[in-house]
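Line by line, the protein sequences give chains Y and X.
Under my numbering, the first residue of the first sequence carries the number 1, and numbering increases by one thereafter.
Under my numbering, the first residue of the second sequence carries the number 1, and numbering increases by one thereafter.
Just so you know, the hints here were simulated from the structure itself, not pulled from any lab data.
Do not take every clue at face value.
Here's a subset of chain X near chain Y, in silico, CB distances under 7 Å, partners left out [stated by the list, open to error]: (1) Pro16; (2) Thr185; (3) Met187; (4) Gly476; (5) His669; (6) Leu671; (7) Leu675; (8) Ser677.
Yeah, the Cβ is synthetic: ideal placement off N, Cα and C, and Gly gets one too.
One letter stands for each residue in the lines below.
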Amino acid sequence: MMNRGLAEMRSEKGISCEINGQIIKLEVPPSRKLLSILRDDLVMTGTKISCEIGRCGACMVLIDGEPTNACLTMAYQCEGKRITTIEGLSVDEIDPIQRCFLEEGGYQCGYCTPGMIISVKALLTRNPDPSQEEMTEALSGNLCRCTGYGGIIRSVRKAALLGRDTS
Amino acid sequence: MALSRSSSGERWRIRPDGTEKVTGKLAYLTDMSREGMLIGKVLRSPHPHAGIVSIHTDKARKIPGVRAVITHSDIPGMNGFGIVNPDQPVFCEDRVRYIGDAIAAVAAETPEIAQLALDNIEVHYVPLPVVDDPVKAQTKQAPKLHPGGNVLHRNQYGHGNVEMSFAKCAHIVEETYSTPRQMHTYMETEGGLFIPEEGGRLTVYSPTQHGYKDRMQLARILALPEFNIRVISSPIGGSFGGKDELNVQPYGALLALVTGKPVKIHNSRAESVRSGLKRHPMTIRMKTGVDANGAILAHQVDIVADTGAYATLGAEVLNFAIEHVTGPYLYESVAVEGVSVYTNNGVSGEFRGFGGNQAIFALEGQMDRLAARLGIDPWVFRARNMRKPKDPGPVGQAIVPTDGADQVWQSLAGSELWLNRHHQPSREPWIRSGTGAAFVMHGSGLGFGIPDPAGGMLALSDDGKIEAIFGYEEFGQGLIATLELMMIEQFGFGAEDLRIVIGDTDLVLHGGSSTASRATSMMWKSLQKLRQPFLNRLLEEASRVLALPADQLKVGIGGIRDRTSDELLLPYPRLAGEASEEIRFLTHFPFPTSPTKRIGAHYLYTYSAVAVQVEVNALTGRVKLLKQYHAVAAGPVMNPQGYLGQIEGGSGMAVGFALMEDAVMEGGHYLTKNLDSYLVPTWTDLMGDVEVHAIEELPEEDDHGPRGVGEIGSVGVAPAIAAAVFDATGIRINKLPINPELLQELPEFLREEANSE
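Just chain X, same shape as in the assembly (with noise of 0.2 Å):
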């Protein structure tokens, strides 16, 4: 189905959270205040290294309107954070590693003072070495960033023996690709408010996609039971991975215990630039070979990431990349190895793709060359290696059967994009069309062996609402949208029945993160699990106080009706009231994982194929992006909106990714510190159209649903612009961003002239 609001009928509905976005109404968690609350600073690095001689806070602390100022000494409990590996202080006490390390935090009665506090907050700082490249940092001269060295992981998969293999084969493509570290340039910075309650609970209004690990980390820190915690979590204005981590959270918990005011903390984006997490940068050098037939023999791969100071989910990451390097295709043999390493840049760590992006930038890059040796049709080729619906998975494992390869190839090949593709006509001679595409195939869930719970609850609450209660977040992906949807095209309530209950630690059970494209899976999981029972149980009830037989009732819209009549004969608010006991469901379970035993190795996968049309001026070497098809094999579309806004907002996101974005250090510092210097695509650079084929028909036996697009849009646009630049220009691409300089050529005029002097 071609998704557009035409297409999509009734189930285009307007998001319950719509008005209140588009009045500007709506608080998020950075807008709230409180009366006499206090605003708090943090004060980080001026070096990517250096080791911390002394820090003397007592000039600080004197000046009118200072209410604190904390530093390592302070935390009562442990010094560290990070989801899986908390290897990052809250604050250094002797050492700092990239120029976000945070060092103090104060809390004054005005952002000036606060600001006033930080500059004479005194701290002496030895200069160290500062390790800028992940290739250097593995050199035994290089200084030891962590107290196991610089490497923060290592892994490899392999089949096959590739050097028997490479022997065999008729065409061989080396190549080495690297990606830039890209920002996730949410519009709303990291912040919120934090609140001492009475009863020495704490409560914390802070974006995050896992509150119950922010809750985690922050009793931890604190050393106070979790359930003195409350963190709520959503609405959230941006995320794409980046504030799954804690950021501003530590700071503003701390300072509003020692203070006992409420604390508001909200970055400025330049501050959220320097202490934010990135997109790793990676290089992928590639060696890959096909027989004359055009099978694919061989495929050797060795990543390196620089994960930067911090380890976050470094490790996590490689190993997606890892497994995705492989992709949707079949070798006679493969060796892939990786290394993610610490260097004193800033903290990469999860972002929209998780590694993906640049594993199948280079693995496409790879296919197209491959490709054009045999002087095969690139789409021909990707076929005639594709992965069967049973084959196993990219690292050997077994994965849920699936056509989606097929059917997203055979999409595409349809596609009047694809089918058009040579007869584009060229408006000026200095403007080259061209087009491209690449094939897609994306794990979702944390994987095995990586605790991965998930579940929720629904309730028949008090005041006759409906409740359907999930530890999911909402950060612009259209999930109460998408929940809200499901309620009333599964169960049969109106939407004005519903209460969605999100992001609040008190209230919802641990459902897992929003992250992984998980969220839409495991929500129409628990409601599959749950809808029985519940139905059942409301029915019960219904038939009990109306005092008939619960096959005469049916759930609807605004209560219990007669099955056959569509009476209504209890509202739910009368059926609250008059039920004998509570009326409350909940389930728990993980999310499907492989049977083969590989840490990460993922069992659901998505598939798409993308096609781009591309305009390259050979004046400026700008690249214009005049259309892109995505078809996406990833199971029944559940909010069709939400759905089609994901793949635009990923492939936009990616195509920022191809073109245009690089937070550029040098020697341990950003030299792209805002939106002027950082630039992240507008308007302009977006205007072309996207066609979004979405493919619902999942095989009979798979009971798994839909699955999550949260990521898929977002991975397969760079390698299909990298290939469309090739067809206009003959360039082949190997880093990204795209840089203009190898795409321009001299003017016709201006060559006669080079060649006449």
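Bound-form chain Y, shown alone (with noise of 0.2 Å):
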């Protein structure tokens, strides 16, 4: 279903983008929200489905590096487009922000855990070194229902001294 040649993309309907590194053209309507196209029409269901008005954070993904909620994003704003889900994160090995979460316990049912790893992934991209008031407000998209955040912060700072020390 995904993985057609550009060749083959010459509907005049539809849209295309990048996800994970692969172009992919998506024959939708143009309204269908990003959610749906990546869970439904392309079966990553890494990207999870919680509240659907952009409040929890379970759906988070980057679009050209900046997270945002894939229930509230509309398949017109993909158009050309770098999309990053979970899945895209640990192609050959997991992503150190992941290990820093297998490590330190962040997560229990795990049901948030990708959508809060992407937000992780954005801040730690954008800025190496936060400090707690950075975390705090890039992560206060994200809700977590079994951790009480413990390990989850516990996690975040550990994957920021990592990519202090490394950077």
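Dock chain one against chain two, each of which comes alone in its own frame, and use the hints as you go.
So this is what it looks like as structure tokens:
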């Protein structure tokens, strides 16, 4: 469904964008939600569905590097954009941020985790050495109901430390 | 032991389900799909209370792409569900009792067509008067919501004569406490995939805390033998008690059988709010008296719980609250009454803490008020009245003796947070800091008189994996990780030797529900029972295969090893291939119960003491949590990461209960329909440190091992916050969530202006 060549993408309808490094042509209505495109059309279910109104962050993806709620993004807004989902963070090996979440226990049921990690990725890419306030602001749009954030806070601090050491 | 990664050493392990979770590869049951599957949707009532005059589905059926439209007349079996009391209709026939009530369900080729079909089902309702208050519901004039009236359940407990005891009191405190309709807010809403299989079987991939209970209920609804239904129930994106009852399963199952196609249902958040369970709102009136020396003489309690439209576990939650409103204290006389009442509000059901949260908020409020009246330090006052190890339980029942009460009391008394409570500098004139504490005794297991089976299996599989097979569910609490760690530490296996098999009724035994903080205890107990027979059998078989005496061998990583040299002699796959017969042991036993015959009374208790430090902004009235200290006496720590995570997570949920969460209803309708108006704590709200001190020692004669900690972290936080708010502001809180307006003061300059006018 998703691995078609550029040559086939000459249709007038639909939009094209890059998802996790692959050029994708999507023949969908322009108002279709990116969240449905990812989960239902492309069967990439790492991006989670939860509140559908942009409050919980479970569906966070990167669009041209910016953390964005896929539930609030429509197909036409993806035209020509570079989209990264959680699946795109660990192609060859897992991202150091993911490793920090694993080691610190920054998840329990794990349903918020992909969105949470995407937000952390955006933060640390932009700012490898964030202050407490910057972390708080960057993660304020991601809800977790299981961990009380303790494990997540420790994971993010560790990832920041790691980034600072290697940058 | 203060729990942390560094204090846990090698026991702090990466969870076996971790890599899949952090990479997004893990398919939750609501993530699943099948080629050619249909989308299911449920039509729910627009009215909290109405008669149904007619239901017409013809228009909906004719829409291209619609494969099925079903109503009550399409149910082959029983039109009802509920774990204990199946009084909730799958589809309403002549009456709706809340806005989550289902009238019809459709299966269509796309979600859009399914929605169009719902919009074209014509239901003619006659609205009826709405009963939205549990007190009014008990009056004679109130419409009867169920054949037996509006009282679901009444219960009481008492000893002594409270009137005589009150007459002797030097101080009496009377207060009414009320608690909100809290929402579980699991991040994964209800849903699943329902697949008709060959031979008339049905496979249900849908989250639940008890696959076997779902199977039994679905069999009743579908009129199928239980063995025709396979329920696969983990992994789950959070539950907290909210997914223990059936939710979308009846609709998915019926639609799959009617259409002969796989059907997927996944509730929207708005639909989840509307139809899902909530924590029982309770109003608890308390009158408690002490003598001049500070001994509690009398305690009188009256509980009213709003159970909403249907029973689910309303009766059991009320029983639990009645048991826990006396808590870890001794009284000369006690008189507790409670009633759980049907209304047209959303359905209340089980929720982490199971009625203990409401009860303990009220009880601890009384203790603080009494201590203040006596002029005694509130923590010292608690010690003066504390239950001793051999005292009977809160409802006079025999319980397993434990030193937990004293242990957690001492731990908190010696904590840095408590010792420094009077030395909190105020950063700004309008910031007030305060410290408060609460004392908790919480039962585990379902209690006396309620079937509470437990058990599990160990097997050497054909491919040489050691299989640990349990009927419990992974909903984030770390059950798989805990089981793995126990198998490594108590048996000597390596992680790679193991296969954990859970959550599939075709593969596991009926081991009881993953609820009531019981799964860790019951897995541990099962392993204790299985360990010797299983290890002996492995060694006997190995001895035969290797032609070596069994006492020269041991079980180890990778296979059977030489007892002295640790040399690997027989890898498990080879042992499996050469074993003379299947190596498989199972155990089945009930959760231990009190010999005292009182329905629901608990036998095993966990204690905790919680201290919190808060800041109250007197300008905004907002409470900010700075620090928490939890002392928990739950026996040996099986999995430090899971234990810490459960206490931190449970406490975070309780911070929401105390400070912000309320699923507000008006006239039977939710005013808070999604996470824009129902606010749960964010990272900002829970940044403060949480120190968890695990007390692992059990009395020597106690062979019950570890107690679960799924609930204990969530029950003491709200009363501790209320106490800290009083310490900071002098304002006593009796209603949750704490209303910032109560804590607001006029700023100094405005006060001057106000005075001058």
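Against the structure, the hints come out as follows:
A cut of 7 Å between beta carbons decides the hint on Pro16 of chain X: the least distance to chain Y is about 11 Å, and the hint is violated. At its closest, the beta carbon of Thr185 of chain X sits 5 Å from a beta carbon of chain Y; the interface hint therefore holds under the 7 Å criterion. A hinted interface residue such as Met187 of chain X counts as satisfied when its beta carbon comes closer than 7 Å to some beta carbon of chain Y; here the least separation is about 4 Å, so the hint holds. A distance limit of 7 Å between C-beta atoms decides the matter here; for Gly476 of chain X the minimum to chain Y is near 3 Å, and the interface restraint holds.
Evaluation of the His669 of chain X hint against chain Y yields a violated restraint, the C-beta minimum of about 19 Å exceeding 7 Å. Because the beta carbon of Leu671 of chain X sits about 16 Å from the nearest beta carbon in chain Y, more than 7 Å, this interface hint is broken. Contact between Leu675 of chain X and chain Y, as hinted, is supported at the beta carbon level, the nearest pair being about 4 Å apart and thus within 7 Å. Hint status for Ser677 of chain X relative to chain Y: violated, with the closest Cβ pair at about 10 Å, above 7 Å.
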